[in-house]
Structures are given as C-alpha cells and as structure tokens.
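Protein chains in written order, with the working numbering: chain A, 3 to 190; chain B, 3 to 190; chain C, 3 to 190.
Treat the hints with caution; some may be incorrect.
If several chains are the same, the list does not tell them apart, and a pair holds so long as it fits within one copy or across any two.
[Unchecked claim] Cut-off 27 Å, straight-line C-alpha distance, at most; resulting in silico cross-link-like pairs (DSS-like, lysine-lysine):
| no. | residue 1 | residue 2 |
| --- | --- | --- |
| 1 | Lys-170 | Lys-139 |
| 2 | Lys-96 | Lys-46 |
| 3 | Lys-67 | Lys-31 |
| 4 | Lys-110 | Lys-46 |
| 5 | Lys-29 | Lys-67 |
Calculated from the structure, these hints are not laboratory results.
If you're wondering where the values come from, they're calculated on a predicted model, not measured in any experiment.
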Amino acid sequence: MGKLVVITGVPGVGKSTVVQYALEGTKEKYELTNFGDYMFDAAKEFGLVEHRDEMRMKMPLETYKDIQQLAAEKLSAKSKETNIILDTHCSVLKPQGYYPGLPHHVLKKLPLNLLVVVESSEEGITARRRKDEDIRKRDDPIIEQQHLNRMYAATCSVLTGVPLFIFKNEQGKAKEAGDTLRMVLEGI
Amino acid sequence: MGKLVVITGVPGVGKSTVVQYALEGTKEKYELTNFGDYMFDAAKEFGLVEHRDEMRMKMPLETYKDIQQLAAEKLSAKSKETNIILDTHCSVLKPQGYYPGLPHHVLKKLPLNLLVVVESSEEGITARRRKDEDIRKRDDPIIEQQHLNRMYAATCSVLTGVPLFIFKNEQGKAKEAGDTLRMVLEGI
Amino acid sequence: MGKLVVITGVPGVGKSTVVQYALEGTKEKYELTNFGDYMFDAAKEFGLVEHRDEMRMKMPLETYKDIQQLAAEKLSAKSKETNIILDTHCSVLKPQGYYPGLPHHVLKKLPLNLLVVVESSEEGITARRRKDEDIRKRDDPIIEQQHLNRMYAATCSVLTGVPLFIFKNEQGKAKEAGDTLRMVLEGI
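Bound-form chain A, shown alone:
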C-alpha cells in the first residue's frame, strides 16, 4: 500500500515548483499526479469528451459527480502500488460558485495519509499569475478563496481523520518551502 498525499492551493500559489523542490532527494519515491488528468480519463471512459478542452464545458452536477467518483476509484487503485502526490484543489471557482474539489463521495474512495494546503500572499500569487499564460486572466478573489479553502480542508480533515498541513510559499523562497514539505513527507 503506497502513501497518498493530497496537495492543494489556489492557481498561482506556486504549488508545482514547491513540490518539485520537495521531491528532490526524498528517501521514498513519489509519483506526481494531477486529479484533472484522472477526471479527463474518467470523462473519456463515460464517452462524454474526446479532448481535454471539453472538460471546461458546462455539465450537469450529477455527471460531474460521477466523473469525480470514477476518477477517485482509479486513483485509489493506483495508490495501492505506489506513493502518490495528488495535485488538486480544495475548491474550484466557477460562475455557480465554489465547487468542492474533495467532496465526501470522493474522500470516501481515497485512502489519504495527509492533506496539504499551500498558501501565499496576494502579491505573490498575482505576480505568478501574470507570468503564466494559462491563468493570466484569473481575477478570482485570492484572499477569500484561500480562506474558504481552509474551511474546505478542515472539513476534509474531520471526515478522513487525516492531518492537515498548512504552510506558506513566500515569494522567492520556493526552495525553502520545498524543504518544509519534504520534511513533512518524510515524517508520515
């Protein structure tokens, strides 16, 4: 049975960079996985989409939940073989509001060991977004979403019994943040 660590943070928080640093020289190997990829595979399996872009289309809530659940099942199977760091979101902001990235029906399927929330200052996040073509146009309320994400994360922690590790990725200190994350990973 591998370890399954979920790492979350708003777009532009610098998650990927921090994880990359953290995984340099860990004793145990982790496979870095994106929940979005599993969602896409699940949606394809249901015959709902063919291309990645179509994942952004509007779909009924029940369909969305079915996709989440199938993705979670596939990921759970995978986590039996290897240690996984799962890159995902506590909440995803769409025009209809904050969608839970880790709802109860998903959490029930995932044998989690740790839930991580990476946070950063508004300035840091805005600066990172400006440099990234994919998220340049984001104008989500950064402070509000980071705050709500803590609430979503606390609920996930109570539901699963798993510890919640919250830490900051300060601007220009991604390496230090990576060191912090590595220490936590080696402690679980």
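Dock chains B and C against the given chain A, drawing on the hints supplied.
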C-alpha cells in the same frame, strides 16, 4: 425531478427581497419555500405543537433532530415535482449556541443542486433589523455569525458535492443582488 | 442515558479552571473526563504502550485512528450511566499538521449533546502557558489554531447536528466564564 436551491443568510440580510427580485422573469419557475414551515408541519404531525409560536419553545435535541429529518423528507418529496428555492439558515443562534440548520442527517435527505449564502455589511443588517418588528430586538454578533455560516456552508458543500455561491447584498442594491442570483439560477 | 458535553480549547486557554468553576453548584452532576486518558487506556489494551509518556511517540495514522475509535467506544459506554464533560481538542498540532481531535469515525460513536469551544486572547494564553510547566515551551500559532478550531468545530456540529457554543475566557475572569458555561449546561 425539480431543482432544489438552498438560500441562507443571517436575519436582516435582506434575503427575501433579493430572492423576490431574482425570481422576476426567470426562465424556469421556482416555488419559494421556507424550511421553518416544513418544520412546523412536521412538529404538528408528531403531535408536539398546535400553533407556530410553540416552535420557539425549548425541546430535547433528539426531538428537534427528528422534526428536522421529517421536514427534510417532506421537502424532498415535494422537490420531485417542482423547482424549489428553500429559505433557511446555515446556523440558528440560541442560548445553547449555533444549531446547524443543515446538519448531515438533513443534507442526506435533500437532493440539493446549489447552496447560496447571502451576506451584507454589519451596518446594512443592523439598519434592516431596525425596520423589521420580528427581528428588531436581535443583537446577535453579526460578523461572527456570518463568518461561522461560511464554515457551516463549506462543510455542507463538501458533504453534498454541491457548489457554494456566496454574494453580497449591499445596502440599496437589492435589485442588483437579485440580478446576480438570477444569473446563477439560470446557470445550474 | 447521561448527557455528553465536549469542551475544547487550545493549550493555555484556561479550560480546566473554567470547567471547575462551572461545575460548582450545577443541579445535575457531571463527571469530568479527559479523552487523552481514554486514548491511553485504549492504546494499552492494544498492547502498544505501557506508560503515558509513550503516547507522544510517533505511530502510524491507521493505529492512531484505531486507538481513537476504541477510546470513543469506551467513552460512549460510560456516557450511558452518567453525565460527562469530555475535555479534548478540536485539533492537535503536530509536526505533520493539525490532527482532528474529533474526526468523523470518533463522532459517529459519541452520543453528543453539546460542543463547546473556549477561546481567549493571545496575551492571556501566552501568560497562562508561561506559568504551566507542561506547556511552557509551546509556540504554536495561537490565533491560527483558534481560527482553525472554529472550522473543525463547525464541521463537527454539521456532522452531529449538535449545537456549538463558543465563548471567551478573558484574563482574570475565569469565574465569570464558569458562570456562562454553567448556564449553558443547565439549558441542555
């Protein structure tokens, strides 16, 4: 199967006015329902009360939970026939603390599509309370309760997998708030 | 069937003193119980530890959850005979993050009547910690943990349907805080 949208907010937030504006000219019809009415009907069915006023009397927690659950079942049956906007609370403040308005045993019964939280400034809420005979004497901690309601709402979102839409009803801008809510309703 | 009241607060919040004052002269008798004692007994029963100190050692998350669950079962049996005030934590901060003190698998076992959160100012908590040998060296982030504890507590309230009572233990006013708690206990 109709849509079931839950709309919440502290007393004096201006919820009813905003919903009234929102429902003017929606493509789909919604029936506006108050969870308190269903609670009263359930309590009557249990033979516990005869008049609405008696709902404020102290009752054992287990009885209160039974009433909530029966009310949720009746509402769930109703939601099969028609679209419903359910007016209720994330939390209800009583001398013994914050009672969850949407506890897990209620959420399990309700086929929710969307959870809405209406917020307003402390000044706006105080001003609205002054004009309303029923809630004129309220001196609940407005900021604290609005903050806790977000926490309760985030938990509901994780438990049900349903999106959480939070928005402001600014003083003198109920019509604009109604427009925002209508757009969200038409998107689900 | 006795009443089961959970009382929580960060180390140094002055919980024990407040509870002591509250229990002076209550109409109903309450037995004051520490969840840590039940955890220790459960761990001993599993043959994992012999001395209290060993409870601080690192253990696999699954083992920790098993101990929590057995402790909850023992406590639940006990609560059938007598009214209990259970002294515990919404979250316990360790190097791997915030561990939920009342995770879902524990809450399912406990027939709760009320969840209480005692809070205090940062200055008050720091002052109390300085005087207490056991927690003198704590430098946990007080504001952050109190804030997160509200989130954990709100989730517990939604999961159990039980009211959440939050109140302040102001410095030098433990007696007044005790009076507040006593009134709440006599109202449930």
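Tested hints:
For a Cα distance limit of 27 Å, the shortest separation of Lys-170 from Lys-139 qualifies both inside one copy, at 23 Å, and across copies, at 23 Å. Within a single copy, Lys-96 and Lys-46 get their C-alpha atoms as close as 22 Å, which meets the 27 Å cut-off; across copies the closest is 41 Å, which misses it. Taking the shortest alpha-carbon separations for Lys-67 and Lys-31, only the inter-copy value of 25 Å comes in at or below 27 Å, while the best intra-copy value is 31 Å. Only within a single protomer do Lys-110 and Lys-46 lie at most 27 Å apart by alpha-carbon distance; the minimum there is 23 Å, versus 30 Å between protomers.
In this assembly of identical chains, Lys-29 and Lys-67 lie within 27 Å of each other by CA distance solely across copies; the values are 25 Å between and 36 Å within a copy.
In summary, this structure violates none of the numbered hints.
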